[in-house]
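**Q** Sequence:
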Amino acid sequence: MEISDSEPKRGRSIDRALTQLKSLDVKLLAIDFDLTMINRHTGGRWKDSPQALAKHVRPLFKELIPLANEFGIMISIVTFSSQVDLIRRSLDEAFIGDSIMREMINNLPIQGFFPVSNLKSGKKKHITNVRKEIKAKKPNLELSRSSILLIDDDLKNIDAALNDGYKAIGFNPYNPEQLLEDMMNLSSSCT
1 MEISDSEPKR GRSIDRALTQ LKSLDVKLLA IDFDLTMINR HTGGRWKDSP QALAKHVRPL
61 FKELIPLANE FGIMISIVTF SSQVDLIRRS LDEAFIGDSI MREMINNLPI QGFFPVSNLK
121 SGKKKHITNV RKEIKAKKPN LELSRSSILL IDDDLKNIDA ALNDGYKAIG FNPYNPEQLL
181 EDMMNLSSSC T
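Heads up: the sequence shown begins at 1 in the working numbering, then just goes up one per residue.
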């Protein structure tokens with residue numbers, strides 16, 4: 001299943017959205033992959049090349065990720081797909097020609113697995129593992145639940161994250177630009 005993505009000028013909106021996240025002390029974006037970062041659902045069974053998958057990375061995220069990096073907001077991928085190496089290679093391909101972004105993607109925390117024992121926990125284990133990975137590299141960094149924003153198209157994952165004290169935004173795969181407005185409207189009470 002593939003969903004199209006419009007490409008209006010969005011740079012100023014991204015700046016405003018990231019400024020709002022910084023004001024709320026968001027330090028990490030935990031982004032879902034299927035139907036969020038990319039415009040299709042692979043179901044963890046992508047058979048084609050990383051180059052082919054890179055073509056499905058939404059233009060919104062191709063702009064948001066480098067700017068978040070400039071704002072000092074870290075990025076991670078949290079997905080139910082176990083194709084972690086493929087995801088990393090496809091993102092590397094999506095940012096080909098940008099050595100700074102390719103370096104960041106090479107070190108990007110990606111947690112990809114399906115939680116067979118407790119689906120109600122959503123992406124909790126994924127985010128916990130990302131936090132541990134970042135803490136191992138940056139032991140002095142304070143990374144509380146309220147400083148992490150989950151962006152996911154699955155509202156069950158959003159509800160689970162909110163119940164666990166994380167910030168969370170439900171991503172609408174049919175209206176990707178809504179994410180920027182939702183980020184600008186995010187408040188400290190969204191935890």
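None of these hints come from the bench; they were simulated from the model.
Worth double-checking, as some hints may not be accurate.
[Stated by the list, open to error] Derived DEER-like restraints, expressed as beta-carbon distance ranges: (1) V116 to N185: 29 to 39 Å; (2) L141 to E103: 27 to 37 Å; (3) S144 to N69: 38 to 48 Å; (4) F114 to K47: 32 to 42 Å; (5) D25 to K137: 15 to 25 Å; (6) D15 to D48: 28 to 38 Å.
[Stated by the list, open to error] Below, a list of computed lysine-lysine pairs in the DSSO-like style, where the Cα atoms sit at most 30 Å apart: (7) K125 to K27; (8) K47 to K138; (9) K124 to K27; (10) K125 to K55; (11) K156 to K124; (12) K124 to K135.
Since we're looking at a predicted model, the values are computed, not measured.
Even glycine gets a Cβ: it sits at the ideal position worked out from N, Cα and C.
**Q** Next, verify each hint and record whether it holds.
**A** Results for each hint:
no., hint, verdict
1, V116 to N185: 29 to 39 Å, "35 Å, holds"
2, L141 to E103: 27 to 37 Å, "19 Å, violated"
3, S144 to N69: 38 to 48 Å, "21 Å, violated"
4, F114 to K47: 32 to 42 Å, "18 Å, violated"
5, D25 to K137: 15 to 25 Å, "20 Å, holds"
6, D15 to D48: 28 to 38 Å, "34 Å, holds"
7, K125 to K27, "18 Å, holds"
8, K47 to K138, "35 Å, violated"
9, K124 to K27, "17 Å, holds"
10, K125 to K55, "29 Å, holds"
11, K156 to K124, "12 Å, holds"
12, K124 to K135, "16 Å, holds"
Consistency with the previously given hints fails for numbers 2, 3, 4, 8, ordered from lowest to highest.
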